[in-house]
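2 protein chains.
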Amino acid sequence: MSGESLGIVETRIVTVFDRDDPLRMRSGATLAPVEVAYETYGELNSDATNAVYICHALTGDAHAAGFHEGDTRPGWWDNMIGPGRPIDTDRWFVVASNILGGCRGTTGPSSLNPATGEPYALDFPLLDMADFVEVHRALARRLGIRSFAAVVGGSLGGMQVLQWALSHPAEMGRALIFAASSRLTAQNIAFSAVGRQAIMRDSGFSEGKFLTRGTSPSKGLSVARMMAHITYLSEEAFQEKFGRSAQGGELSPNFGIDFAVESYLEHQGQRFLSRFDPLSYLYLTRVMDYFDPFADPHVIDALAADPVRFLVVSFDTDWRFSTEHSRRIVRHLEGSRVPTSFREIHSPWGHDSFLLEIDDYHATVRAFLDRAAEELA
Amino acid sequence: MSGESLGIVETRIVTVFDRDDPLRMRSGATLAPVEVAYETYGELNSDATNAVYICHALTGDAHAAGFHEGDTRPGWWDNMIGPGRPIDTDRWFVVASNILGGCRGTTGPSSLNPATGEPYALDFPLLDMADFVEVHRALARRLGIRSFAAVVGGSLGGMQVLQWALSHPAEMGRALIFAASSRLTAQNIAFSAVGRQAIMRDSGFSEGKFLTRGTSPSKGLSVARMMAHITYLSEEAFQEKFGRSAQGGELSPNFGIDFAVESYLEHQGQRFLSRFDPLSYLYLTRVMDYFDPFADPHVIDALAADPVRFLVVSFDTDWRFSTEHSRRIVRHLEGSRVPTSFREIHSPWGHDSFLLEIDDYHATVRAFLDRAAEELA
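Protein sequences appear in the order of chains A and B. Residues in the first sequence are numbered from 16 upward in steps of one, following this note's numbering. Residues in the second sequence are numbered from 16 upward in steps of one, following this note's numbering.
Honestly, I wouldn't trust all of these hints.
Using 25 Å as the maximum straight-line C-alpha spacing, the simulated DMTMM-like pairs for lysine to aspartate or glutamate come out as follows [claimed, not checked]:
| no. | chain 1 | residue 1 | chain 2 | residue 2 |
| --- | --- | --- | --- | --- |
| 1 | A | K224 | B | E281 |
| 2 | B | K256 | A | D311 |
| 3 | A | K256 | A | D375 |
| 4 | A | K256 | B | D311 |
| 5 | B | K256 | A | D86 |
| 6 | A | K256 | A | E372 |
| 7 | A | K256 | B | D374 |
| 8 | B | K256 | B | D375 |
| 9 | A | K256 | B | D138 |
| 10 | A | K256 | A | E389 |
| 11 | A | K224 | A | E50 |
| 12 | B | K256 | B | D331 |
| 13 | B | K224 | A | D375 |
| 14 | B | K256 | A | D374 |
| 15 | B | K256 | B | D138 |
| 16 | B | K224 | B | E359 |
Hint data in this document are derived by calculation from the structure and do not stem from the laboratory.
Assemble the whole structure, with the sequences as input and the hints as a guide.
Shown next, in the form of structure tokens:
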């Protein structure tokens, strides 16, 4: 692996909207307070021109790189961010935050509703991709950053990058969008819907009030997560990793865990429970279903006037957001003469590839950011 | 549509194994009584050489064609079976039965266990593809049929056809296998496992004793069915049928049913509850996971000595059991010089195609059975 890990890092929390200055949401609702959990890596230069923003995917968080005190596993994108890594913290000041509606420090549906003193639950307002971006922007203002050299994200993270670039192109030099989509297909929505149904039909869901009622839709959440994991890996990756091998040496027919692939899914489902909130899962997945920025033919006008350089990356075995999803983004950008580089990377690992250290992918990111650095110099 | 519907038909039930002559299962267990629900269409000729057996897929039943008294919808394969249809009842005597472990008249896990007077539930023995075949064979004996001109099935039905042909090749002239597999991939097993988990984790499952405890894992069963339906259609079929259109004219963001595809899945999940049993779902899906006949290198020996003519059909957009699954069956058969015709049919509809009236598919089946009829004449 190129470069090194950052070492010890920590998550901070800052209030970016309050009752006097609430977040005005796309739906018309207002929300306050809004706290944001974030981490930063590297040093902001004196004219604040070397900042890079990281937008996380559905189940990510602000802890993108380095180690929390006492942890043995680093942040979720440690292979990408660090000294000498593709997003090189010797050069860039990197900001990573937890998304609005999340459950890892940023205000979300399980946060206390100041009007009731109880968790919002389903009273939390429905979210839009633009709301995520407004919260990122508010954090940036707090940090004294008016414009980012680059904004980077994969999957739902890439969708935030796209939204940000479309609505506020002057705030970034480059946009890096990996394994993302500008519009979910019916099949994408179908998977998303069934995952939510698994949660909402769990008797422990208690109409969303499980936190105050002492129940939990944990079984539904683990089923949703197991199903989602099937879509994160390619069919060949599943076959290569597990094939039909038995978990315990030899197959012995039963209804529990017999095949290795069953054990993997069970483990993923179980592990997810300790770190994710069923309500956040509902809110965040639903934002993706509705995201469709190019439905507005004028959405790209601001970008044409104030170009951002795009890097769009897909992975050839990703069947959650296939290369066709990336091509669609590229078609819209190129149709408006927005400077866009597109790369389909070969990787056997499917959608999860954007999280992995794949030489061709990392080299592409590094080269694209090298050019950003040259422009700054 | 070519040909006509059969008109009124009815399901009969016959006991094929009893306490004095129980079903001896592959696992070593015995089972009695075993009742089988079946239907027949057309006339058996005097030397009983014109019989065709239909094996159904996961959620099918004995009612393959024609109408039950008072019904407005015909059996599940009415477009395939009837006078003048590809499986022509003017020529063939067609037998269709409900599978062992099913819930549509044949003995299954919700049947009464004579030892306790209560439903078997999870005390029902685990099943093997060979057990399905033994019950089909017992029904055939009851009907005075020693050999079938053809045995036909799609998906799990095709897997039964393959098993029967491998273990008792003298009992059929032709084997027609559509959209099937001789060995599930890790991804196939993963979908299967998550569906079962949705059922078994439903608090209404009550360790399988829901029938006597007055609970029901209906929410889990509907989630399993919704997820399975995603795999039955191709991505393009979902896109063509539903795209991103709203169920109620215009999208109005919420967590319920807003997109048309959500309404479709909800309807499929709901409708399934009235006709299917959660325990049968567990037992039948598990048989598919373990099915792997060619793991035994000698399994094909009997077939080489007593050839059956095979027709193997796949559909180009089927991603549940892709063409590669069919090719694998063909490779094994041809490797042992078993006469095999293979056709990949173009259809936009994915796995469900085997149930649909697709000209090229129906013409292929008709031509293959015409040759069987010529041999008999």
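Against the structure, the hints come out as follows:
no.	hint	result
1	K224/A - E281/B	holds, 23 Å
2	K256/B - D311/A	holds, 23 Å
3	K256/A - D375/A	holds, 22 Å
4	K256/A - D311/B	holds, 23 Å
5	K256/B - D86/A	violated, 48 Å
6	K256/A - E372/A	holds, 17 Å
7	K256/A - D374/B	violated, 40 Å
8	K256/B - D375/B	holds, 22 Å
9	K256/A - D138/B	violated, 33 Å
10	K256/A - E389/A	violated, 41 Å
11	K224/A - E50/A	holds, 22 Å
12	K256/B - D331/B	holds, 18 Å
13	K224/B - D375/A	violated, 54 Å
14	K256/B - D374/A	violated, 40 Å
15	K256/B - D138/B	violated, 42 Å
16	K224/B - E359/B	violated, 44 Å
Of the numbered hints stated above, those contradicted by the structure are hints 5, 7, 9, 10, 13, 14, 15 and 16, listed in ascending order.
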